[in-house]
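There are 2 protein chains.
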Amino acid sequence: MAVTDAFLSTLRSLVGDKAVLTDASDREPYLTEERGLYRGQAPVVVRPANTAEVAAVVKACADAGISIVPQGGNTGLCGGAVSAETQVILSLGRMNKVRGVDPINFTMTVDAGCILQDLQAEADKMGCYFPLALGAQGTCQIGGNLSTNAGGINVLRYGNTRDLCLGLEVVLPDGRVWDGLRALGKDNTGYALKHLFIGGEGTLGIITGAVLKVYPGLAERQTALLAVDDINAVTALLAKARSWSGDAVTAFELVSRFAFELACRHLSGVNDPFEEAHPWYVLVEFSTSRPNADLRGLFESFLEAAFEDGIIVDGIVAESLEQTRQLWHMREGIPEAQKHEGASIKHDVAVPVSSVPEFLTRALAAVCERLPGLRPCPFGHVGDGNIHFNLTQPVGMDKDEYLALWEDMNRIVHDIVVEMKGSISAEHGVGQLKVEEIIHYKDAVEIDLMRTLKVAMDPKGIMNPGKVVNPQ
Amino acid sequence: MAVTDAFLSTLRSLVGDKAVLTDASDREPYLTEERGLYRGQAPVVVRPANTAEVAAVVKACADAGISIVPQGGNTGLCGGAVSAETQVILSLGRMNKVRGVDPINFTMTVDAGCILQDLQAEADKMGCYFPLALGAQGTCQIGGNLSTNAGGINVLRYGNTRDLCLGLEVVLPDGRVWDGLRALGKDNTGYALKHLFIGGEGTLGIITGAVLKVYPGLAERQTALLAVDDINAVTALLAKARSWSGDAVTAFELVSRFAFELACRHLSGVNDPFEEAHPWYVLVEFSTSRPNADLRGLFESFLEAAFEDGIIVDGIVAESLEQTRQLWHMREGIPEAQKHEGASIKHDVAVPVSSVPEFLTRALAAVCERLPGLRPCPFGHVGDGNIHFNLTQPVGMDKDEYLALWEDMNRIVHDIVVEMKGSISAEHGVGQLKVEEIIHYKDAVEIDLMRTLKVAMDPKGIMNPGKVVNPQ
Chain A
12 MAVTDAFLST
22 LRSLVGDKAV
32 LTDASDREPY
42 LTEERGLYRG
52 QAPVVVRPAN
62 TAEVAAVVKA
72 CADAGISIVP
82 QGGNTGLCGG
92 AVSAETQVIL
102 SLGRMNKVRG
112 VDPINFTMTV
122 DAGCILQDLQ
132 AEADKMGCYF
142 PLALGAQGTC
152 QIGGNLSTNA
162 GGINVLRYGN
172 TRDLCLGLEV
182 VLPDGRVWDG
192 LRALGKDNTG
202 YALKHLFIGG
212 EGTLGIITGA
222 VLKVYPGLAE
232 RQTALLAVDD
242 INAVTALLAK
252 ARSWSGDAVT
262 AFELVSRFAF
272 ELACRHLSGV
282 NDPFEEAHPW
292 YVLVEFSTSR
302 PNADLRGLFE
312 SFLEAAFEDG
322 IIVDGIVAES
332 LEQTRQLWHM
342 REGIPEAQKH
352 EGASIKHDVA
362 VPVSSVPEFL
372 TRALAAVCER
382 LPGLRPCPFG
392 HVGDGNIHFN
402 LTQPVGMDKD
412 EYLALWEDMN
422 RIVHDIVVEM
432 KGSISAEHGV
442 GQLKVEEIIH
452 YKDAVEIDLM
462 RTLKVAMDPK
472 GIMNPGKVVN
482 PQ
Chain B
12 MAVTDAFLST
22 LRSLVGDKAV
32 LTDASDREPY
42 LTEERGLYRG
52 QAPVVVRPAN
62 TAEVAAVVKA
72 CADAGISIVP
82 QGGNTGLCGG
92 AVSAETQVIL
102 SLGRMNKVRG
112 VDPINFTMTV
122 DAGCILQDLQ
132 AEADKMGCYF
142 PLALGAQGTC
152 QIGGNLSTNA
162 GGINVLRYGN
172 TRDLCLGLEV
182 VLPDGRVWDG
192 LRALGKDNTG
202 YALKHLFIGG
212 EGTLGIITGA
222 VLKVYPGLAE
232 RQTALLAVDD
242 INAVTALLAK
252 ARSWSGDAVT
262 AFELVSRFAF
272 ELACRHLSGV
282 NDPFEEAHPW
292 YVLVEFSTSR
302 PNADLRGLFE
312 SFLEAAFEDG
322 IIVDGIVAES
332 LEQTRQLWHM
342 REGIPEAQKH
352 EGASIKHDVA
362 VPVSSVPEFL
372 TRALAAVCER
382 LPGLRPCPFG
392 HVGDGNIHFN
402 LTQPVGMDKD
412 EYLALWEDMN
422 RIVHDIVVEM
432 KGSISAEHGV
442 GQLKVEEIIH
452 YKDAVEIDLM
462 RTLKVAMDPK
472 GIMNPGKVVN
482 PQ
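Protein chains in written order, with my numbering: chain A, 12 to 483; chain B, 12 to 483.
Treat the hints loosely; a few may be bogus.
The list treats identical chains as one, so a pair stands whether inside a single copy or across any two.
As a list, the in silico EDC-like pairs of lysine to aspartate or glutamate whose alpha-carbon atoms are at most 20 Å apart [as the list claims (entries may be wrong)]:
#1 Lys357 <-> Glu380
#2 Lys108 <-> Glu369
#3 Lys70 <-> Asp454
#4 Lys471 <-> Asp459
#5 Lys453 <-> Asp190
#6 Lys70 <-> Glu457
#7 Lys410 <-> Asp454
#8 Lys432 <-> Glu448
#9 Lys70 <-> Asp459
#10 Lys432 <-> Asp190
#11 Lys251 <-> Asp135
#12 Lys251 <-> Asp113
#13 Lys471 <-> Asp185
Honestly, the hints are just simulated from the structure, not real lab data.
Note that the structure is a prediction, hence the values are computed from the model and not measured.
Okay, chain A solo, but in the shape it has when bound (with noise of 0.2 Å):
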């Protein structure tokens, strides 16, 4: 159904006349996509101020059988949060309030509408640690973090977003509201239904507010740069440093040498500190929240037995924040010094970490088959096996046309994927971009599970339609 003045004005009758935008100044920020591959076509967007108001307009629309996307921070990479002219944009902007913290509990309970990076300052006033961490964390919202089961840069040790979340609350695409805001660490009184929302990208209802886990405030840290010169060392040195470790290695980051030339060529601040060419590079974290731990003895003798192991060939150590930051900066930069190299063709991809020496092998060998001069930058988080398959195009080429090979080198790609079984959005989600990808790699069983849950939960079809799954 279109959206008529009529229904606006029920709109601005529910959450008053500032809350409901039309102008299109007003809309833009709403309507842009950070790739720049969709663009948002909403004639309104609804900002709602708590549950009870987003309770009251999913309703209206469902009763108007009008549908709605909802949008956190519109940092998405794969359109999910992308609308069309005949839908509301439900924003949880306005939502952003801690609703309580518990220190002994290990827990915070918040606004859907929460930015990321105020939620790891909340938990560094507790005394604590929250470890979602990722490139977005200024702008990104914890809503769409758990709508989308966000990755980042810590999941080896204290796992995806929604390993970071007990408990929900959630408006279903009725109006209605489920309260499963428990700030328990065991609850098995029925189906995990929280666990549908999170990764669910808004497609069976609009998570508002959620308890989130957090750690012990972290003591020490020491982060190093790596250089390995055999990429089937890499997987057998993680193993090694969580074992060395006592489980302490909070991130195992992957560079590939172009990837690192990117950053060194384009970013501020980013050198080179190596005497001579790696073919690829390790940036490897322990942390730890005991004090007086000697992490750092720890450390340099796990560096020093893979060193005469012969596994890394060249490294530093981080001797200070500094330079903690610069090593990180030049890990985080890698997507935006990308941009100076002209287009390029992404994949968000996991496989066993095991398997991630091979296939990194056979994909490289295989998209340079196809693409003479191709310029790949794998990097990654190798810990979880997830790795950014991002390639550059060559050098002088036309960017549309290099572009009009996306489709072709997913395919290349995501076969190598597939039939190593590993996934074909390891931490991004599917959005749009993927919906007929995942159709046509998984199992028709699966895709009819999901429909089914889809069709059972959301039987007007109005939330976030034609994301994730589409029924058929």
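Keeping the supplied structure of chain A fixed, place chain B upon it in accordance with the hints.
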């Protein structure tokens, strides 16, 4: 529908004669129930050898309209594996192979019928550690652990069974097989289907295989029994232990004086090591995979600090593996020791960790007011906020007269738990024992969502009907 001779012939044709048990003596172990609260009635037990046979049996049952009770080790405490005379028991016991291990990926892929203790040993062989541990581990099967999302003694550090599972293979209620057997740390390609089957108690499908997470093998473990005079100090002690140790606290078990007395009275080799009696004891364990971590020094410094703070008033540290075993024997033997003192009314509840002292204070006062002479015997996993609030009958009271108070006591305890935003079934599940109880306490929206899922996924209602949720 009734199980006819013709249907038995069909079953025999699918799995072979030997795998279809109809003799009363053969069926007996599948019909008993741990606590003696129920008695199974199924005229037949089917024991398929592999996933294809499970699928064939389920399809035959679906076609014939005969309902199925999936059964693992039959150690559940809520009647979830108890059958009626019109039902078929499908036992997973013959599916007990480890399908593969991957020490670099820290995973093992297993059949659902593997005994938990065998999987702990399998992880050991990999140089790794599988942390799921609970009283029934010598008999229970991992498929049952997954279906009930079992808890146990290491949840504080490693999570529930749910958190130890990366992928599942499931036979659906129509006999199709869902292959979600992925060994991935990250996979955001759609709804989290596995989380419906985990904790689903066999009402949505039958788990036939799983990919489990393992951890680096433990290098050192330190265990102590601490005496605490003030229950309010216990949760602060835990928070301190988590920070102090770098989150190396792997167990933190509360034992009341009465539970401790019963253990000393009825368990061989258990003695009170302290000069004075104390109202509460804590069994605390630190462990790490880090070699040469000086965990002992850390442990002692922690205990000294807690002693100086006045939080703990006495304590003994285990000096040998044998002493560690004795301490755990005391803790794990409490339910057994209780049996010597007559009937027990039991509760498996959770509240936020920070609320445990308030819960105990309120609940103890309430039940003792209801029945003077009652001997409360609380103990449990305070690190998860999970208390086994068991109530031993007054001395000399008639057993049946006492057990007639079961629902009365449940109401008193569960009212307090729910008021404190807790769970009335922390780790044992719903089964049939608590179906009405969760309807009594849960929000109607939540029960409705659960029914919607049950009907959508099992439209014929043949999968363990009457357990978890009763469709209306």
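> Checking Lys432 and Glu448: alpha-carbon separation at most 20 Å within a copy, between copies, both or neither?
Replying inline: within (15 Å within a copy, 42 Å between copies)
>> Checking an output row: Lys432 and Asp190, CA cutoff 20 Å. Within, between, both or neither?
In response: between (36 Å within a copy, 11 Å between copies)
>> I want to check one pair: Lys471 and Asp185. Are their C-alpha atoms no more than 20 Å apart within a copy, between two copies, both, or neither?
In response: within (9 Å within a copy, 26 Å between copies)
> Using 20 Å as the alpha-carbon threshold, which applies to Lys453 and Asp190: within, between, both, or neither?
Replying inline: between (33 Å within a copy, 10 Å between copies)
> How do Lys251 and Asp135 come out at 20 Å by Cα distance, when the copy is not named: within, between, both, or neither?
Replying inline: Result: close only across copies, 16 Å inter versus 30 Å intra.
> How would you classify Lys410 and Asp454 at a CA-CA limit of 20 Å: within, between, both, or neither?
Replying inline: neither (35 Å within a copy, 55 Å between copies)
> Can you tell me if Lys357 and Glu380 fall within 20 Å by alpha carbon in one copy, between copies, both or neither?
Replying inline: within (17 Å within a copy, 66 Å between copies)
> Quick one: Lys471 to Asp459, C-alpha cut-off 20 Å, is that within a copy, between copies, both, or neither?
Replying inline: Both: 18 Å inside a copy, 17 Å across copies.
> Checking Lys70 and Asp454: alpha-carbon separation at most 20 Å within a copy, between copies, both or neither?
Replying inline: between (35 Å within a copy, 19 Å between copies)
>> At most 20 Å between alpha carbons: which applies to Lys70 and Glu457, within, between, both or neither?
In response: Result: close only across copies, 18 Å inter versus 30 Å intra.
> Is it within a copy, between copies, both, or neither that the alpha carbon of Lys70 lies no farther than 20 Å from that of Asp459?
Replying inline: So Lys70 and Asp459 pass the 20 Å test across copies only (17 Å; inside, 28 Å).
> Between copies, within a copy, both or neither: which fits Lys251 and Asp113 at Cα up to 20 Å?
Replying inline: This pair counts as between: shortest inter-copy Cα distance 14 Å, intra-copy 35 Å.
Violated hints, listed in ascending order, are 2 and 7; each of the other numbered hints is respected by the structure.
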